Amino acid sequence: MENPFRVGLKHVLHVEPCVVVIFGVTGDLAHRKLIPALYNLSVDALLPAHFSLIGFARREFSNETFRTGIHDSVSKFSRRRPLNDSVWNEFSSRSFYVQGAFDDPAAYLNLKKLLDDIDAQSGVLCNRVFYFATAPEYFATIATQLDKAGLLAPRSEKARSRVIIEKPFGNDLPSARALNAELSEVLEEDQIYRIDHYLGKETVQNLLVFRFANGIFEPIWNHKYISHVEISVCESIGVENRAGYFDKAGILRDIVQNHVFQLLSLVALEPPVAFEADAVRDEKVKVLRSVRRFQKGEVGKKVIRGRYQSGTVAGKEVAGYLAENGVDPESTTDTYVALELAIDNWRWAGVPFYLRAGKRLPKRVTDISIFFRNVPYRLFQEEDVSRVVPNVLSFQIQPDEGIALKISAKPPGPQVQVQPVNMNFSYGSSFGIEPPEAYERLLLDCMRGDATLFTRSDEIEQAWDVLAPVIEAWSDRSARALPVFGYDAGTWGPQASEELLVSGTGSGWRRL
Amino acid sequence: MNVQTPVTTSGQVHVNPAEIERELLRVWRETAALDMSAQPTQGAERDTRVRAILSNFVIISRADDQTVPAGHIDDIVTAMCVSYPSRFFILRCGDVNGPELDTSVSSRCVLARSGAHVCSEELHVRASEAGLRFVPNLLRSLYAADVPVVLLLVGDALGGTSASGVRTLIRTLEAEANMTVFDSGNFADFGAGLNVLKDATGVGLDDVSSRALRRDLNWYRLERWRVLIAEQFDAERYAQGVTNISRVRLTCAVEPKMLHDGFVPSESLLLGAWFSIALGWEISGRGRNQGSIQFTPVSGGPSREITFLPSDVELSAVNAGRTTDVEIEIESGAGTMFLAFSRNLSEGSLHIATENSMAATGVSPFCDFSTMKVPFRVYQDEDLLPLPLHSGARDTLFPAVCGRAGEMSRLLRETSS
Chain A
190 MENPFRVGLK HVLHVEPCVV VIFGVTGDLA HRKLIPALYN LSVDALLPAH
240 FSLIGFARRE FSNETFRTGI HDSVSKFSRR RPLNDSVWNE FSSRSFYVQG
290 AFDDPAAYLN LKKLLDDIDA QSGVLCNRVF YFATAPEYFA TIATQLDKAG
340 LLAPRSEKAR SRVIIEKPFG NDLPSARALN AELSEVLEED QIYRIDHYLG
390 KETVQNLLVF RFANGIFEPI WNHKYISHVE ISVCESIGVE NRAGYFDKAG
440 ILRDIVQNHV FQLLSLVALE PPVAFEADAV RDEKVKVLRS VRRFQKGEVG
490 KKVIRGRYQS GTVAGKEVAG YLAENGVDPE STTDTYVALE LAIDNWRWAG
540 VPFYLRAGKR LPKRVTDISI FFRNVPYRLF QEEDVSRVVP NVLSFQIQPD
590 EGIALKISAK PPGPQVQVQP VNMNFSYGSS FGIEPPEAYE RLLLDCMRGD
640 ATLFTRSDEI EQAWDVLAPV IEAWSDRSAR ALPVFGYDAG TWGPQASEEL
690 LVSGTGSGWR RL
Chain B
17 MNVQTPVTTS GQVHVNPAEI ERELLRVWRE TAALDMSAQP TQGAERDTRV
67 RAILSNFVII SRADDQTVPA GHIDDIVTAM CVSYPSRFFI LRCGDVNGPE
117 LDTSVSSRCV LARSGAHVCS EELHVRASEA GLRFVPNLLR SLYAADVPVV
167 LLLVGDALGG TSASGVRTLI RTLEAEANMT VFDSGNFADF GAGLNVLKDA
217 TGVGLDDVSS RALRRDLNWY RLERWRVLIA EQFDAERYAQ GVTNISRVRL
267 TCAVEPKMLH DGFVPSESLL LGAWFSIALG WEISGRGRNQ GSIQFTPVSG
317 GPSREITFLP SDVELSAVNA GRTTDVEIEI ESGAGTMFLA FSRNLSEGSL
367 HIATENSMAA TGVSPFCDFS TMKVPFRVYQ DEDLLPLPLH SGARDTLFPA
417 VCGRAGEMSR LLRETSS
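These protein sequence lines map, in sequence, to chains A and B. Numbering-wise (this note's numbering), the first sequence opens with residue 190 and increments by one. Numbering-wise (this note's numbering), the second sequence opens with residue 17 and increments by one.
None of these hints come from the bench; they were simulated from the model. Quantities reported herein were computed from a predicted structural model and do not represent experimental measurements. Where hints are given, some of them may not hold.
[As the list claims (entries may be wrong)] A few chain B residues that don't get close to chain A, going by computed Cβ distances all over 10 angstroms:
#1 R38
#2 L41
#3 R42
#4 T83
#5 P85
#6 D90
#7 S120
#8 N194
#9 R265
#10 R302
#11 P318
#12 E343
#13 G349
#14 Q396
#15 R426
[Claimed, not checked] Below, a sample of chain A positions facing chain B; criterion: calculated Cβ distance under 8 angstroms:
#16 F194
#17 G197
#18 L198
#19 S231
Don't be surprised by glycine CBs; every beta carbon is placed ideally from N, CA and C.
Hey, can you work out the whole structure from these sequences and the hints?
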């Protein structure tokens with residue numbers, strides 16, 4: 190029987206009773222992002238009344254020490270400070286800790302007992318979300334142990350177990366396939382939520398609203414009107430304390446395979462038949478399948494690999510990559526990459542997509558710029574041709590989320606002149622409310638069983654497949670190896686990257 | 017920045033919209049000039065102010081309305097400037113001491129949580145009873161184009177001696193508005209308040225032909241109650257008991273005498289009406305006890321009851337008129353189950369307790385007892401206002417609940433007298 194009290198509450202996000210279990214709860218991700226996100230949801234009364242948090246890690250903690258630890262996380266990193274005592278006390282009282290190694294079956298039995306006790310105490314069968322905030326080598330182990338403890342099987346029509354997996358999901362196509370195969374032995378695809386926190390950002394979601402809720406853009410969203418697209422994910426920081434991981438991965442695996450390709454998919458996808466998980470993800474997969482694969486010998490021309498050297502960022506001297514702690518002095522790891530991609534389909538034929546990601550660039554900014562074709566005829570003959578610039582529609586994903594359209598206008602005065610001006614829509618201004626953290630949205634979606642903003646196995650595999658020729662070409666360390674271009678920290682990357690754009694569009698990267 | 021610049025002050029009506037627009041432009045140019053001349057703090061971007069207009073937001077209050085606390089409208093505008101920046105029209109109607117019509121403009125910049133300085137513009141309009149006739153055309157000439165018109169009735173805007181002109185004004189403005197927001201929590205008598213609203217606007221709440229969407233802040237205030245109650249009945253043990261709910265007791269923070277006289281605060285009345293609609297109960301008459309109403313389930317079965325009780329907590333500005341406790345009684349062959357919700361307004365929490373009397377099985381009477389506490393903060397008007405503004409759909413449940421609450425209110429009044 191349908192719950193009659195739910196009638197008229199469709200607009201309110203409905204989260205079933207839920208327990209979130211975080212594996213690797215003592216790690217940085219849980220400390221800085223996950224615990225504060227759950228607390229923020231609690232402050233906004235978005236968690237269900239029957240909600241509990243369980244931390245699982247190797248360290249020996251009691252419930253009390255665990256609660257002290259998460260108090261520290263929330264105090265430092267929650268966007269809803271100062272802490273609300275009443276909300277915190279309740280949140281804390283529903284937080285528990287299970288100590289154990291990820292491969293220790295006894296620890297999983299303890300976890301099962303605690304989960305069963307929570308169900309019994311609340312009188313409902315809670316959904317269970319298992320968050321793998323661990324190093325990737327533990328993903329399969331944890332999934333297998335959960336399965337052996339009987340924690341992955343549905344306990345009723347409603348009470349389901351779901352698993353959230355952090356990136357990196359594999360480090361190339363074969364390893365991603367192997368991991369998918371391992372997980373699929375114990376989990377159904379609809380139980381696996383592969384998280385890419387970029388998809389939780391408001392502007393990224395707004396890309397779909399912008400494209401499909403505005404009649405004026407979709408008719409011109411194609412090769413007839415768009416000359417090229419630039420997607421930039423720029424960081425001003427270096428490798429910080431992640432050198433161990435980063436030196437093996439590089440920026441191509443760390444940023445491009447996931448974040449940048451997600452942005453590319455959302456810009457280029459066809460209208461989905463519905464705003465539902467599989468409908469949206471089907472279209473994203475089609476985009477990745479349509480990306481033209483690099484042929485032998487093309488990588489050197491279409492992909493630029495760079496590595497930062499010493500320089501200055503924000504007025505400070507910084508070391509070059511090879512001098513960073515924990516980096517192999519012989520490393521050829523990429524800290525910058527720029528690619529030119531083609532999408533072979535009806536909509537995007539002949540439109541190059543330029544993607545770049547880098548560390549130690551002048552500022553932290555993520556931007557998508559759509560360059561429209563210029564006017565077919567120069568009506569204002571007297572005007573300096575350089576002033577008549579094409580229209581550019583840009584989506585700034587971070588730090589200040591917003592959308593801008595560059596148009597040409599006549600400055601006041603007796604002469605007919607043309608000057609580019611910007612029409613800006615800033616989230617911070619039009620909606621003064623601070624947008625929620627990406628992890629809040631994604632955790633909430635997983636608790637609700639909505640996978641729209643999570644990546645599917647075939648998406649992951651297609652993304653790796655696109656990059657397979659690059660990974661193969663870069664693995665060559667012989668004399669014929671492709672160059673790693675140096676760039677000074679605090680600049681916009683190697684000159685070769687600028688030349689890639691100039692050769693394709695006649696001008697360099699958009700100044701961000 | 018919030019400096020009011022008088023634009024027109026005249027015993028005779030002399031309103032020049034162009035002059036008002038010019039003044040607004042001047043205010044913004046000054047702001048822009050300030051921005052240009054300001055030195056950005058080291059390492060920061062230039063701290064520019066952004067003018068944003070999402071709606072024409074018309075705030076209507078009566079000059080003689082004692083129910084509106086000082087500074088209340090200012091608080092609303094400040095909060096809305098952040099969450100829903102608009103061109104605000106602040107109408108003070110029926111001012112007996114001032115001129116027929118008096119206008120001034122100002123801008124207000126608020127540092128939003130996003131870090132941006134969001135600026136809205138305000139047009140203050142004071143009109144005497146006679147001057148009200150000029151207000152609609154003045155507003156028409158000053159509405160920002162392409163954005164919706166929202167009317168907000170503050171306090172008891174429709175009551176009082178000066179209200180007849182205000183009612184006419186609202187009727188005229190609502191014909192061209194997209195949404196009217198009111199707060200039935202301000203109605204001294206819920207049923208009578210609804211009638212006044214209907215008389216004033218010419219459209220009942222249940223009339224789907226009305227152009228403007230009607231939004232009651234009191235209904236939004238109840239949303240957290242509704243969600244938490246609904247959530248309990250998602251659980252299998254209660255889901256099966258929905259049809260066996262026999263009694264609902266609602267306790268409200270109100271003077272016992274008020275309840276004795278049949279005046280139930282609007283919040284509790286709406287909550288009670290919502291229970292009866294959700295459960296498919298029809299009113300069958302007054303209950304045996306003071307403040308109770310009998311119902312008959314549409315699907316048949318024994319009669320049901322909703323009772324309104326006075327709370328024994330000390331009345332305060334925070335809890336006055338609020339529902340403090342809800343107790344749901346579920347009877348079945350296996351015994352009686354109680355689901356009790358107790359709200360702590362000062363702490364901002366709700367305590368949920370369940371008791372399962374297993375008398376029929378001969379086991380201990382309270383063998384199953386569990387409690388939990390969840391956040392339930394006190395919502396101010398400023399917190400609630402963005403909710404209706406961001407939702408464009410017609411709410412079909414609300415008119416039914418309102419109609420039922422009106423019926424219940426009448427019955428309680430009749431039986432008490």
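Results of checking the hints against the structure:
| no. | hint | verdict |
| --- | --- | --- |
| 1 | R38 | 18 angstroms, holds |
| 2 | L41 | 15 angstroms, holds |
| 3 | R42 | 18 angstroms, holds |
| 4 | T83 | 28 angstroms, holds |
| 5 | P85 | 24 angstroms, holds |
| 6 | D90 | 17 angstroms, holds |
| 7 | S120 | 24 angstroms, holds |
| 8 | N194 | 18 angstroms, holds |
| 9 | R265 | 17 angstroms, holds |
| 10 | R302 | 25 angstroms, holds |
| 11 | P318 | 18 angstroms, holds |
| 12 | E343 | 15 angstroms, holds |
| 13 | G349 | 18 angstroms, holds |
| 14 | Q396 | 15 angstroms, holds |
| 15 | R426 | 24 angstroms, holds |
| 16 | F194 | 4 angstroms, holds |
| 17 | G197 | 4 angstroms, holds |
| 18 | L198 | 6 angstroms, holds |
| 19 | S231 | 7 angstroms, holds |
Checked against the numbered hints above, the structure violates none of them.
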